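Spelled out, the chains give:
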Amino acid sequence: MSVPASYYLGLSAVLFAAGTAGVLVRRSALIVFMSIELMLNAVNLTLVTFARLHGSVDGQVLVFFVLVVAAAEVVVGLAIIVDVFRSRETVDVDEADALRG
Amino acid sequence: MSVVTAAAVLIPLLPLAGWAVLGLRGGRWPARAAGWFASATVAASFAAAVTLFQALAALPAGTRSVEVDVYRWIAAGPVVIPFRLLADPLSAAMARVVAGVGTLIHIYSIGYMAGEPGFARYFAYMNLFMAAMLLLVLAGNLAVMFIGWEGVGLCSYLLIAFWFDRPAAARAGVKAFVVTRLGDVGFLLGIFAAFGVFGTLDFTTITRDAAARLALGGGAATAIALLLFLGAVGKSAQLPLYVWLPDAMEGPTPVSALIHAATMVTAGVYMIVRLHALYLRAPFALDVVAVTGAVTAIFAASAALVEPDLKRVLAYSTISQLGYMFLAVGAAAWTAGMFHLMTHAFFKALLFLAAGAVMHALGGETDMRKMGGLGRRLPRTAAAFGAGALALAGIPPLAGYFSKEQILGEVFAAGHVWLWAVGLITAGLTAFYITRAYALTFGGAGASAAGPVRGAQGGHAAGAGAPHDPPPVMWWPIAALIFLTIVMGIVLEHVIPLAPWLRPTLEAGVPRGTGSGAQAGAAGVLLPLAGIAVAASGIVLGWLVYARGAVRGQEAAGGRPEVPGPAALVKDAQTGRVPALGRLLAHRFFIEDLYAAAVVAPSRALAGWAAAFDRAVLDRAVVGVAGGIGRSGAALRRLQSGYLRHYAAFVLIGTLLILAYWMWR
Numbered sequence: 000m001s002v003p004a005s006y007y008l009g010l011s012a013v014l015f016a017a018g019t020a021g022v023l024v025r026r027s028a029l030i031v032f033m034s035i036e037l038m039l040n041a042v043n044l045t046l047v048t049f050a051r052l053h054g055s056v057d058g059q060v061l062v063f064f065v066l067v068v069a070a071a072e073v074v075v076g077l078a079i080i081v082d083v084f085r086s087r088e089t090v091d092v093d094e095a096d097a098l099r100g
Numbered sequence: 000m001s002v003v004t005a006a007a008v009l010i011p012l013l014p015l016a017g018w019a020v021l022g023l024r025g026g027r028w029p030a031r032a033a034g035w036f037a038s039a040t041v042a043a044s045f046a047a048a049v050t051l052f053q054a055l056a057a058l059p060a061g062t063r064s065v066e067v068d069v070y071r072w073i074a075a076g077p078v079v080i081p082f083r084l085l086a087d088p089l090s091a092a093m094a095r096v097v098a099g100v101g102t103l104i105h106i107y108s109i110g111y112m113a114g115e116p117g118f119a120r121y122f123a124y125m126n127l128f129m130a131a132m133l134l135l136v137l138a139g140n141l142a143v144m145f146i147g148w149e150g151v152g153l154c155s156y157l158l159i160a161f162w163f164d165r166p167a168a169a170r171a172g173v174k175a176f177v178v179t180r181l182g183d184v185g186f187l188l189g190i191f192a193a194f195g196v197f198g199t200l201d202f203t204t205i206t207r208d209a210a211a212r213l214a215l216g217g218g219a220a221t222a223i224a225l226l227l228f229l230g231a232v233g234k235s236a237q238l239p240l241y242v243w244l245p246d247a248m249e250g251p252t253p254v255s256a257l258i259h260a261a262t263m264v265t266a267g268v269y270m271i272v273r274l275h276a277l278y279l280r281a282p283f284a285l286d287v288v289a290v291t292g293a294v295t296a297i298f299a300a301s302a303a304l305v306e307p308d309l310k311r312v313l314a315y316s317t318i319s320q321l322g323y324m325f326l327a328v329g330a331a332a333w334t335a336g337m338f339h340l341m342t343h344a345f346f347k348a349l350l351f352l353a354a355g356a357v358m359h360a361l362g363g364e365t366d367m368r369k370m371g372g373l374g375r376r377l378p379r380t381a382a383a384f385g386a387g388a389l390a391l392a393g394i395p396p397l398a399g400y401f402s403k404e405q406i407l408g409e410v411f412a413a414g415h416v417w418l419w420a421v422g423l424i425t426a427g428l429t430a431f432y433i434t435r436a437y438a439l440t441f442g443g444a445g446a447s448a449a450g451p452v453r454g455a456q457g458g459h460a461a462g463a464g465a466p467h468d469p470p471p472v473m474w475w476p477i478a479a480l481i482f483l484t485i486v487m488g489i490v491l492e493h494v495i496p497l498a499p500w501l502r503p504t505l506e507a508g509v510p511r512g513t514g515s516g517a518q519a520g521a522a523g524v525l526l527p528l529a530g531i532a533v534a535a536s537g538i539v540l541g542w543l544v545y546a547r548g549a550v551r552g553q554e555a556a557g558g559r560p561e562v563p564g565p566a567a568l569v570k571d572a573q574t575g576r577v578p579a580l581g582r583l584l585a586h587r588f589f590i591e592d593l594y595a596a597a598v599v600a601p602s603r604a605l606a607g608w609a610a611a612f613d614r615a616v617l618d619r620a621v622v623g624v625a626g627g628i629g630r631s632g633a634a635l636r637r638l639q640s641g642y643l644r645h646y647a648a649f650v651l652i653g654t655l656l657i658l659a660y661w662m663w664r
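From first to last, the protein sequence lines are chains H and F.
If you're matching positions, the first sequence starts at 0 in numbering that gives the first Met the number 0 and goes up one per residue.
If you're matching positions, the second sequence starts at 0 in numbering that gives the first Met the number 0 and goes up one per residue.
No lab work stands behind these hints: they were computed from the structure.
In this text the structure is predicted, and so the values were computed from the model without any measurement.
Be aware that a few hints might be false.
Computed from the model, here is a short list of chain H residues facing chain F with C-beta under 8 Å [what the hints assert, rightly or not]: (1) V22; (2) V92; (3) D93; (4) A97; (5) L98; (6) R99.
So these bits of chain F aren't anywhere near chain H, every CB distance computed over 10 Å [stated by the list, open to error]: (7) L181; (8) V416; (9) W417; (10) W474; (11) L528; (12) A648.
Even glycine gets a Cβ: it sits at the ideal position worked out from N, Cα and C.
Taking the hints into account, I'd like the entire structure generated from these sequences.
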């Protein structure tokens, strides 16, 4: 017997909520970044779950796209964080408020 | 590409290229280089015009009409208007005169404008004017002609207001622009109406189809003809839209010679001759043209009788002579009108250039009351002005005699006896006022009362020292114009007659032969004799009153306090009262005052009301909207905290709201 789909979806929802909370409340840019990764992978889990449920590979293919884009995003995002650290000597996102209106 | 095609395209293109080069780079060149460059482009254009003329003359008479499509200009569904030039005997002859006189005046300007700031700007405008004028002349349809028509108007404005730091010049430029715009409204409406009737604006098609499409004397023909004539009235300064031309004398004198005497103001006459087939379908419109011309001729001539300013005398003279041309074309004497247009271009340009030489010598003075006795100081200038004056007065064998006699003869032969009489009286007045101008300027024994007066026209380089004849660069164009003034009448009448040359263009034209041979019998001999007699008596009378009177006045008072004249025209020394006729003339029959009361005052009232409305309603609405946007922006800017978490929270809230909407809608 297999685990019901609702378990996977529930886990996915928990992971997504944890990631969202991390983005909203953490101050370190690196942790925020990791939280975003968590949200992305929560979505991936949902996609795989539905792909199995419907017997289609479309969702699994989409997961590969998400992984590739996430990898690219990590490269760019980490570069930005490194640059921010060089100029400000901190990665606290609350310090980076130059766009305040 | 045939010679004709190439020449027709090059004629307007060369001055246009000169304008572009001078406008972009000319300011950094040495002043004289800019002047010679501009003159060279116009001279090259003149060479192209001569080439075009010769190439057309080499063709058989029936095929001397070549249309040149430069490109497809307007293509909107069924409306297709090509950028079309038309090279035919009429446009070739006109282009040759325009480019020729233009070349001479460009060269003259090099001397006249020497030392002026904005030298390159002046020549750039002059080149642009030549390009627009030649485009107007060579236009193959009404739309292209309209480009040239508005182009010369623009250049006229720019050059009248050339010394834009002088308020009078700036005002005169605006006046010229606005008044001619009144006429251009009619011109534009006429173009639309012509398109509605013919479905095309091509001159050749209109000429061919006029008889078929327009009923003789019908409403459509009359309406189109009168609307187009309204444009001509504005551009050629006829009653009642003449008021801008005397003020246009605020511009540099070569500009007055080129634009406001020789070329641009004759555009209206040219346009009517170009559309002669259309006008022949509207006899009433032709009568209107003839009467307008005759009334303008005598009105402007009488205004010139009392004008104290040398250049303005010539301006009124130009208006009067343009009236002659309209009288001629109104009598369907197309050739006579074009003939007078050409001879007038020569002798009036000569008069203006001579007047410019006087101003050059006197440092810009134009008031004849301060002149006198200049004949001895400026002998060559006096001779030039005299030649032009005799031609204007219509003394044989100078140019003006032939064309004026041809006009009067044609008008008489056409049966307009009253108009002929008006023309004859005007000829006498013309001889009188130009003799007066000559006598007041050059005649008399005394030294010029003015001496070197500076500043009236912006500083001229040659203002200092005793008055002297102009330098060679100014003298040679004058000499060339003297030559043309003396011979061109004979040449165009007898040696290379204009009438047979223009006949291919005008073959659909006059029902009873074109040349001056139309008048026959006793009238053919008597009419010129009458003209000569009137002109001669005008000159003699003018000389007796002004030259002799000037001497007497000087002996009596030791000076020249007032312009002497016939008792009916001048202020009475004892009572200080001006006789009614003199007052009427001095105020030009109060037409300007009529404009002030009937047009200017209501316009000002309307403008004041509009300004009040603008401030009270429109400005407040605009400022209110702007203020509201500003306040809402100030309120909203607090959302831009700069904190990453806030933005992420906004995204989250938005997503949740959208989700909620989809779930509970």
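Self-check item: Nearest-CB test (10 Å) between chain H and F:L181
Solution: holds, 55 Å
Quiz prompt | chain F contact restraint for H:A97 - C-beta distance below 8 Å | solution = Nearest chain F Cβ about 7 Å off; hint holds.
Exercise. Could you check if H:V92 really has its C-beta closer than 8 Å to a C-beta on chain F?
Key: holds, 4 Å
Quiz item: Holds or violated: is the Cβ of H:V22 closer than 8 Å to a Cβ in chain F?
Solution: holds, 5 Å
Quiz item: Was the hint right that H:R99 lines chain F, CB cutoff 8 Å?
Solution: holds, 3 Å
Practice problem: Could you check that no beta carbon of chain H comes within 10 Å of the beta carbon of F:W417? | Solution: F:W417 is indeed farther than 10 Å from all Cβ atoms of chain H, at 83 Å.
Practice problem: Check the non-interface label on F:V416: least C-beta distance to chain H beyond 10 Å or not. | Solution: holds, 87 Å
Practice problem: May I ask you to test the interface hint for H:D93 with respect to chain F, counting a Cβ-Cβ separation under 8 Å as satisfied? | Solution: Holds, about 6 Å.
Quiz item: Far enough from chain H: is every CB of that chain over 10 Å from the CB of F:A648?
Solution: The claim is violated: F:A648 sits with its nearest Cβ about 6 Å from chain H, within 10 Å.
Quiz item: Hint check: is the beta carbon of H:L98 less than 8 Å from a beta carbon of chain F?
Solution: At about 5 Å, which falls below the 8 Å cut-off, the nearest Cβ of chain F leaves the hint on H:L98 intact, so it holds.
Quiz item: F:W474: least C-beta distance to chain H exceeds 10 Å?
Solution: holds, 74 Å
Exercise. Classify the label on F:L528 as holds or violated, using whether its beta-carbon is more than 10 Å from each beta-carbon of chain H.
Key: The claim holds: F:L528 sits with its nearest Cβ about 94 Å from chain H, beyond 10 Å.
Hint 12 alone, counting from the list given before, is not met by this structure.
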